[in-house]
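Protein chains in written order, with my numbering: chain A, 1 to 254; chain B, 255 to 513.
For the record, the hints were derived by calculation from the structure and aren't laboratory data.
Keep in mind the model is a prediction, meaning the values are calculated, not measured.
Treat each hint with caution, since some may be false.
[Stated by the list, open to error] Pairs of lysine to aspartate or glutamate, EDC-like flavour, derived with a Cα cap of 20 Å:
(1) B:K344 / A:E156
(2) B:K344 / B:D425
(3) A:K162 / B:D334
(4) B:K344 / B:E393
(5) A:K162 / A:D234
(6) A:K7 / A:D234
(7) B:K344 / A:D234
(8) B:K513 / B:E281
(9) A:K162 / B:E264
(10) B:K389 / B:D341
(11) B:K389 / B:E375
(12) B:K344 / A:E145
(13) B:K509 / B:D487
(14) A:K162 / A:E145
(15) B:K286 / B:D268
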Amino acid sequence: MNTSRVKGVLLPAIALLAFEGWAQFSHLQSDALAPPSAIIIALLKAIGDGTLLGATVDTLAAAFGGLAAGGGAGLLVGVVLGMARPADRLLEVTLECLRPIPPIALLPIALIALGFGYRMEICVVAFACFWPLMVLSRTAVRSIEPGLIEVSRVLELSYLAKIFKVVLPASLPTIFLAFRLAAGVALVVSVTVEITINPMGLGAGIMAAQQALRPDLMLAYLVWIGVVGYALNDGLFVAQRLFFGPNSTRARQK
Amino acid sequence: MTAGASPGAEFVFDSVTLDLGGRTILEDVSLKVRPGEFVCVVGASGGGKTTALRLAAGLYTPSRGSVMLNGERLRGPSRDLAVVFQDYGKALLPWRTAYGNVSLALEATGIPSSERSDRIEKLLATVGLPQQAEKYPSEMSGGMQQRLQIARCLAQNPKALLMDEPFGALDAMTRQSLQDEVLALVRGSGATVIFVTHDLEEAIYLGDRVIGLLPHPGRIGIDVPIALPRPRDQLATRESGEFLRLRRELFDFIKASEK
Chain A
1 MNTSRVKGVL
11 LPAIALLAFE
21 GWAQFSHLQS
31 DALAPPSAII
41 IALLKAIGDG
51 TLLGATVDTL
61 AAAFGGLAAG
71 GGAGLLVGVV
81 LGMARPADRL
91 LEVTLECLRP
101 IPPIALLPIA
111 LIALGFGYRM
121 EICVVAFACF
131 WPLMVLSRTA
141 VRSIEPGLIE
151 VSRVLELSYL
161 AKIFKVVLPA
171 SLPTIFLAFR
181 LAAGVALVVS
191 VTVEITINPM
201 GLGAGIMAAQ
211 QALRPDLMLA
221 YLVWIGVVGY
231 ALNDGLFVAQ
241 RLFFGPNSTR
251 ARQK
Chain B
255 MTAGASPGAE
265 FVFDSVTLDL
275 GGRTILEDVS
285 LKVRPGEFVC
295 VVGASGGGKT
305 TALRLAAGLY
315 TPSRGSVMLN
325 GERLRGPSRD
335 LAVVFQDYGK
345 ALLPWRTAYG
355 NVSLALEATG
365 IPSSERSDRI
375 EKLLATVGLP
385 QQAEKYPSEM
395 SGGMQQRLQI
405 ARCLAQNPKA
415 LLMDEPFGAL
425 DAMTRQSLQD
435 EVLALVRGSG
445 ATVIFVTHDL
455 EEAIYLGDRV
465 IGLLPHPGRI
475 GIDVPIALPR
485 PRDQLATRES
495 GEFLRLRREL
505 FDFIKASEK
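For reference, chain A alone in the conformation it holds in the complex:
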């Protein structure tokens, strides 16, 4: 761990210690707050009895399922629209009308159509993940160096060869960035679906802890979701550097 990370951890660590001290000193009794020590104990217990990991698997399964389905569809549509201007003009109004719909607003319909469970959650996540992939891959394909497209014309590459040998490789860094953004969206949307309606995964775990008046467990879930989200983004970030070299993330990562 380098020094800048150590410095970054310093402030939250002090805040937590101060909060712990205050909670112990004032004999904190609350339905919303719990001292950090109690949160850590609840977290370890939830890990120990397997409920937390089971919930994590449920949430991630739905998140990745939705990411794969929606992201994949978005990629396909984005590439096609990026390459074919007529299709782009034909679908522009339709897509621009659908895009502003908040994924969560689909919940009532999704629930009636699909019931509780994975399928419904995956569909809502997929809707949310479709957009970043569609928009970014369309832009990436459109902004390919025209010289490369001419080379593929001069070499008489077939349509598929042109896509797989020129268009996709040229757009890959942007497409991967879109997947990274969409993965974050997928986690947010899946947990939101679970909190609002779907009785499974991490979101449902928070709601159960809340209804059992267990602020320590509720906050333990919250901390855990943060850890999962951080690990997800970090993992994808490392993968991107691995595949496309250190320069692929430098300009875009803030």
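Place chain B on chain A using the hints.
Below, chain B without anything else, positioned relative to chain A:
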């Protein structure tokens, strides 16, 4: 590339006119390029040199008239016609190595991967890049990248090489050695060459014939046969009286065309 493996292509421009965006870029251009001929095209900038080359490559379709390739109407790009683009940085795939970039042309022709590796090694050696197979274009100098683009064009086993100011962005020394290399390669392959340049001396040094375009709209203004003996030599050829006379003639033409 063995001599005579791919006899050169014949181009016939038959009163070709091209309008782009409401402007006439080329007007009533008629021209015949014989198989194996090395034709250089010069002219003031904006005079339609590149446009004429793109018409020959099938990248543009004439608004009126026709471009015939070996007696058949040219309807689009063809693998028989290799194009060397001026901007090599935008014509090479940055994510592929030198080897992979040459391979692209072989993949396009459907040559099985088992036969590619030998041919790619040979082609890279031909253009003077024998040890560079694993390098990426970004790791190569401008001259090397242009050599690589030429290697990819040779991989097409083309009947014609269409070169659009290929050495315009290179320094003088690299430029001269590439000129000689191209002459040697072309002599070995028998391919027809259409070579666009704004450098009159380069045009005279390389060509069997130099065509000068008049601008706005582009028309053929002068068509000069170059009777200099081959093989040509950077010093002796450029110092010969005939070379200087041709340079004077073309220089006067370009000056007059700009008025």
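Do the hints match the structure? See the list:
1. Distance restraint check for K344 of chain B and E156 of chain A: the Cα-Cα separation of roughly 18 Å lies within the 20 Å cut-off, and the hinted pair is therefore satisfied.
2. Using a Cα cut-off of 20 Å, the hinted pair K344 of chain B and D425 of chain B holds, with the two alpha carbons roughly 19 Å apart.
3. Distance check on the hinted pair: K162 of chain A and D334 of chain B sit about 18 Å apart at the alpha-carbon level, within 20 Å; holds.
4. Under the criterion of a C-alpha separation no larger than 20 Å, the hint pairing K344 of chain B with E393 of chain B is consistent with the structure, at around 15 Å.
5. Our distance criterion of 20 Å between C-alpha atoms is broken by K162 of chain A and D234 of chain A, whose separation comes to about 33 Å.
6. A C-alpha spacing of about 19 Å is found between K7 of chain A and D234 of chain A, which places the hinted pair at or below 20 Å, so the restraint holds.
7. Annotation: proposed proximity of K344 of chain B to D234 of chain A is violated, straight-line Cα distance about 33 Å (limit 20 Å).
8. Among the hinted pairs, K513 of chain B with E281 of chain B is consistent with the structure: their alpha-carbon atoms are about 19 Å apart, no more than 20 Å.
9. Pair hint K162 of chain A plus E264 of chain B does not hold up; C-alpha atoms about 29 Å apart against a cutoff of 20 Å.
10. Straight-line distance between C-alpha atoms of K389 of chain B and D341 of chain B comes to about 19 Å, which keeps the hinted pair within the 20 Å bound.
11. Proximity of K389 of chain B to E375 of chain B is assessed by CA-CA distance (about 13 Å); at most 20 Å being required, the pair is judged to hold.
12. With a C-alpha separation of about 7 Å, the suggested pair K344 of chain B and E145 of chain A falls inside the 20 Å cut-off, and the hint holds.
13. Our distance criterion of 20 Å between C-alpha atoms is broken by K509 of chain B and D487 of chain B, whose separation comes to about 27 Å.
14. Of the pairs offered as hints, the one joining K162 of chain A and E145 of chain A holds, with about 13 Å between alpha carbons and a cut-off of 20 Å not exceeded.
15. At most 20 Å may separate the alpha-carbon atoms for a hinted pair to count; K286 of chain B and D268 of chain B meet this at roughly 8 Å.
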